[in-house]
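Q: From first to last, the protein sequence lines are chains A and B. Under my numbering, think of the first position of the first sequence as 1, with each following residue one higher. Under my numbering, think of the first position of the second sequence as 116, with each following residue one higher.
Be a bit skeptical, because a hint or two may be false.
[Claimed, not checked] Partial chain A-side listing against chain B, Cβ under 10 angstroms, derived:
1) I31
2) L34
3) R37
4) F42
5) K43
6) Y50
7) S64
8) R73
9) V74
10) E89
Think of the hints as simulated: they come from the structure by calculation, not from any bench. Here a beta-carbon is modelled for each residue, glycine too, at the ideal position from N, C-alpha and C.
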Amino acid sequence: MNIDKSLLSGSYGMMILSLLKEREKYGYQMINELALRSDDTFKMKEGTLYPILHSMEKQGYVESFEKKTDGGRVRRYYRITKKGLKALEEKKAMWKEYLSKVNAVMEPKPLESRG
Amino acid sequence: MKSKASRFSWCEKACRGIVLPSERRKAQKELEGHMEDKIDDFMTMGMDFGQALTAAERAMGDPVQTAEMFSRIYPRFASWVFIFARSLFMSTAVFFFVYFFSLGYFDRNDLFSSLAENAAEVIEIDGHNGFERAGYRFSAERAAVTDDGTLILEIKVSGPIWFASPDGAAEMLKFRSAGGQKLESRFEGKTRSLFCPRYCFAIDIKEESLPVEISYDFGQASESFKVGE
Chain A
1 MNIDKSLLSG SYGMMILSLL KEREKYGYQM INELALRSDD TFKMKEGTLY
51 PILHSMEKQG YVESFEKKTD GGRVRRYYRI TKKGLKALEE KKAMWKEYLS
101 KVNAVMEPKP LESRG
Chain B
116 MKSKASRFSW CEKACRGIVL PSERRKAQKE LEGHMEDKID DFMTMGMDFG
166 QALTAAERAM GDPVQTAEMF SRIYPRFASW VFIFARSLFM STAVFFFVYF
216 FSLGYFDRND LFSSLAENAA EVIEIDGHNG FERAGYRFSA ERAAVTDDGT
266 LILEIKVSGP IWFASPDGAA EMLKFRSAGG QKLESRFEGK TRSLFCPRYC
316 FAIDIKEESL PVEISYDFGQ ASESFKVGE
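In isolation and in its complexed conformation, chain A is listed as follows (with noise of 0.2 angstroms):
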């Protein structure tokens, strides 16, 4: 399925977090489970990734640390904080108020049943 990247954009970060509310994860994985999650509809570039990630760091949402992997590779990995969790609240409960604005316009219930 193809999305208009308009319509992406700014969400991604709340996928983002969302994958993190779980539990602490790297890069990689993340880009996969986006993708996995969503029968690859969200197949996201690292080149978006990575500047999401090190801005939410900035503003505080996640932090990182490096973990070294049994192979020996050294991997850097993302978890929400406090602040990241308040801020997924907000953002969801925005998303649900503009979806909820989106499905009225788009399909209107009739007249008699809005009382």
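For chain A, the structure is supplied; the task is to place chain B on it using the hints.
A: Using the frame of chain A, we list chain B on its own:
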């Protein structure tokens, strides 16, 4: 196999938007790790290394665009201000380190000792003597009278005008006997200390010349202190 530099040229290009070297290294290392994972995955799918690298670079997007996004997150101006402030701090720290040691005696060479080697006694002079004039502080450090009646005097010149050489100021020192007669002096040399050089003078004296008055004449004003009282 491609060299590490060419393997990670995508990552290097993408991180050009970050000015601070420490932040750039951190981001580049992260992207390189990511690219290695991606290459491994493509190779597992049956590609050779070159194909996997090309595929990974294509999948990661346009590095120039990524660099632009990074440059918005790490503003160039703020980064340059930080680099400038850090350089200033470091150069100031180095300066004070050198300055601190130059105030000490680390570079006090033995010119004085060699000049006064046949003196019966070397007098360490109270560091509080001296005077300040024209931005410099003049003080006598050591003095000795040799067998042939020469007063060897080591004078330290330092002051707030640390960036200017005090050689000219030292040349204006005058020496008088207790009776006020001008004494002939020879400039013997100076230590190499950076900010507080010590100047050695040899002054021909007789016993009645002591104490020797050292003065610095500048314009109409004159300052002096005495050695050998």
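Q: Each hint: holds or not?
A: Each hint, compared with the structure:
1. The criterion of a C-beta within 10 angstroms of any C-beta in chain B is met by I31(A), whose closest approach is roughly 9 angstroms, and the hint holds.
2. Of the supplied interface hints, the one on L34(A) is violated, with its beta-carbon coming no nearer than about 14 angstroms to a beta-carbon of chain B, more than 10 angstroms.
3. Checking R37(A) against chain B: minimum C-beta separation of about 18 angstroms lies over 10 angstroms; hint violated.
4. Because the smallest distance between the Cβ of F42(A) and any Cβ of chain B comes to about 14 angstroms, over 10 angstroms, the interface hint for this residue is violated.
5. Interface hint at K43(A): satisfied, since its Cβ lies 9 angstroms from the closest Cβ of chain B, which is below the 10 angstroms cut-off.
6. Evaluation of the Y50(A) hint against chain B yields a held restraint, the C-beta minimum of about 6 angstroms falling below 10 angstroms.
7. A cut of 10 angstroms between beta carbons decides the hint on S64(A): the least distance to chain B is about 8 angstroms, and the hint holds.
8. With a cut of 10 angstroms, the hint placing R73(A) at the interface with chain B holds, because the nearest CB-to-CB distance is about 6 angstroms.
9. Residue-level restraint check for V74(A) holds (minimum Cβ-Cβ distance to chain B is 7 angstroms; threshold 10 angstroms).
10. Given the 10 angstroms rule on beta carbons, the hint for E89(A) is violated: about 24 angstroms separates it from the nearest Cβ of chain B.
Hint compliance for this structure: hints 2, 3, 4 and 10 are not met, and every other hint is.
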